[in-house]
Amino acid sequence: MATRKARMSFAVKRFKGFWNQFSKSKRGVAGVVIIVFFSILAVFAPLIAPYAPIDPVKDAGKYPGTTTPPKIAERLCSPAWYKYLPWIPRGPTQVEQSFWTNVTEHGGISFVVFGDLESGALAEMKDGIPKATFDEYRQNATEHYMRLNRAATEPPQLEIIFPNGTHKQTEIQEDMWDSRSPAAVGGIYGTSGYASMRSFINDLYEDLGQDLVYVAFKVRYQYSRDITENMELVPDFQFASEETFNNEWDWATLTGSADLRYNNVEGVDNDGCIEITYDPKAGEEESTIVLSKQFKYPYWEPPLSFWGHVSVRVQGKPVELTITMQKEGAKPVAIIELLREASTSYYHRTIYTYEDAVMEASGSLTPEKIILPSPGNYTFAIEAVFTGKDKTTVYLDDFNLLTYGNTFGLLGTDNAASSAYPRDIFSTLVYGTQVSLIVGVLSAIFSTVIGLFLGLVSGYVGGITDEVIMRIADLFLVLPTLPLFIILIVALKVVYGAGAVSMWNIIIVLTLFGWMGFARSVRSMVLSLRERPFIEAAKAAGAGKFYIINRHVLPNVFALVYITLATSVPGAIITEASLSWLGLGDPRLASWGKLLYDFQSSGVAVTRGLTEYWFWMFPACIAIAVLATAFILMGYALDEILNPRLRMRR
Amino acid sequence: MGLKEYIAKRVLYSVILIFAVLTVNFLIFAMMPGDPLRAYMARVEVHTNKAQYEMLRHQLGLDKALHERYVDYIVKMLTWNFGNGMIGGGQAVVDQIMQRLPNTLILMGLAAVFSIIAGVLVGVLVAHKRGGWFDTATVTGSLVTYSVPIFFIGWLMIFFFCVQLKWFPLGGIQPRAWFRNPPTNIIEFLAGRISCLVLPTFTLFLFSVGGWILLSRACVLETITEDYVVTARAKGLKERTVLYKHVLKNASLPLITSVAMTFGFLISGAIITETLFSYNGMGLLVWDALRGGPAPDLPVLQAIFYVIALCVIVANFVADLLYGVIDPRIKYG
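Those protein sequences? They're chains G and R, same order as listed.
Take the first sequence: its position 472, counting from 1, is numbered 472 in the numbering used here, and each next residue is one higher.
Take the second sequence: its position 21, counting from 1, is numbered 21 in the numbering used here, and each next residue is one higher.
No lab work stands behind these hints, which were simulated from the structure alone.
Please note that the accuracy of each hint is not assured.
To give an idea of the chain G side of the interface with chain R (calculated C-beta under 7 Å), a few residues [unchecked claim]:
hint, residue
1, Leu475
2, Pro480
3, Ile574
Here a beta-carbon is modelled for each residue, glycine too, at the ideal position from N, C-alpha and C.
Only chain G is shown next, with the shape it has when bound in the complex:
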């Protein structure tokens, strides 16, 4: 016992001494702090990250009868704290936008073509608009293109400028522009405005009677921008509490004798619901009742989309149900109309923004812009219309409407093609720490152990063993690693499919090709140690090979082990990230490299992605860089302490 205690205290003393040395190196301490920070992130990721790293959903399992629970947010949301930035435009603005189209070249397929206008093509233009003007148009067109995909609140006014300099102002007919995308003034193939816009331009073309090559457009319209956030209109959508119901909901019988009450025994999980009864008096044929809820929509921009749900059970005759949204002082807009017949079980209806029923009921291709067009007080309601002379009861439960804004979470959401649901980037980032640390540390440990073993064997045994090991090491050192890794993982993918690649494959590959450098330096150290007197003395005393390696060689090499461990982690982390970046990582894991691969392959143009969606890729890049740097810094500090030659002379 006593010896153990003594040993312990010796170990503590040794560690203290080491730490004294180590803490003198600011770089080393910074590295250790960062590593500890990331380790905490990795270990407590499920607690720190608010959402799942893959396919996160809101209230999973709470909405019965739907296989697709609501997403947590819309795709490509900006971070929630954008609302505190004063320079983000909030409110209506008058926008004037210019773009150009090449009629003769693209006349057959699509009109409005954004992008580069080659300088050579400009030369073909007849004397008319000066090049500078045209360049300016082009610039504006590319820059504002995406912004215009947001809500426009009034139809564009067109001003067409022809190559010869003539202007023509015109009001553009409604069927020529798609309100969902005012940038696509008749331009994008497949929209309804396409054909009419084409004939419109053709008419102009004939009127002018000239060889029309390029047309520059100027569009003016009202347009508002704002930071919008997710809203849940009915927090207690399961109607579990009567008090909440009484406080939040309002109801009115418009005609007839239909009545409404809170029922605390019925409902989908028998946890309470709303019961609407129609008990017609003599001669009564029809009754309408409205259940409504007031709320304030504070944003200048409509939500990006919405998601709704309602569960209904009808006893008796068919009932007409209409979910509506009404702005104060405006006409109500129907979101969906449902005709329900009597049934024994609940009918669950999930409502999506762009489903046919919703577009039909609201009379718009962009229902979200019709139902919540501008800030103000709104009434969200469900209207039940009863007809006939029979007693009818309607049970209403799980009634909710979620609207999705354009900001969410700490770092916004992504638009990954690989994920069915948009992910919370912050959560993905936190979970990614796990992968990077596991891959980095494990492959560093494995390759260091293998390197140590082979180096010791090679150096101490010598002869043909040494020759074979070192030649293999040389071969592996010469092979360009990344292309080789790519081949190995692709081979795996080709045979077993994309799902076969796992984190462990990457660890194995990294280990397999990571031991050579360390084996070499261990070998050279062993070679020089072997000739030292103390080894000869041990030999003379009759010590065996294993004993000498274990007791005399290993302790002398061990300083190197720590340094190599620390310095080979970053390489592994970066290689893993690079492989994932190329799409060769584990497709089921949320790793940093995968995050960046998703960014790269999401179809968001790099230029826009880097500026508008910086929060998607920069944090992950910085995380990789910081973690890798931390290990390098720690290794470097260790090197300075454990390698006496590098120690500072005083």
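Please arrange chain R on chain G, whose structure you already have, making use of the hints.
Using the frame of chain G, we list chain R on its own:
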């Protein structure tokens, strides 16, 4: 051992390396469990039948014995017969590679030359003023650039120099306007090509310069305390002469070994840099082979790997020769 013998030994070693690479390449295919061709066909084509399968098997020579296939493979590779890939419209893989190899070599060569020169100069300077603020800053900076993933550097370059400042074209190997009106004189041509080369080269440069600074600093620190350096100083030589003539000369041997190794290191950076900048080189070919078709094009990737490995082996060979010429101990040892 004379120089000739030394060269002969290195040649033999390089040939063995080439064969080893080919064998590794072959083994990856040969050791695949199951039937890769079957799996591949299932992935690529909608309908397959046995006749098609047999025909392909025969065409690819997969029905032969393993050793025959090995010999076939070696002969094919040595005669640069890589077949036709799925990408690039069925163009011969050799042509695709040879079209792109010079671009990659230019990119990597420039990055290597700049980073070696800058790295060694800065490294010597920093080692000389060891412990000062400049040393601390440079070493920390090098450690950071050394451990930053290259796609981050590349994205930063694009962000600052293409998106914000608009100094350089976004990507490609030549200005886009050249599709319509190609350059008329050599100056225009060079200017266009260079403008497209600047950012990828700078990215690769930043990626590798940190390693060079650290390495040359370490090498110089090892020799700067040697007696002959003290002697040189005692003779009253200028500090610069001492540093660059006496110290660097002796510290340069491990550096030369690293020059050879840097090729293998740079190629992994180049694959990603080229993808980022759509620079039409081997790296972009790798990307195309990975993403271009319905399934990753393994034979093309293997051919690329073979050619890259060949380049690395040649570079190593040249460096070994240089080493032999420079270091008298090897010549007469």
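Legend entry - Hint check, failures only: Checked against the structure, no hint fails, so every one of them is satisfied.
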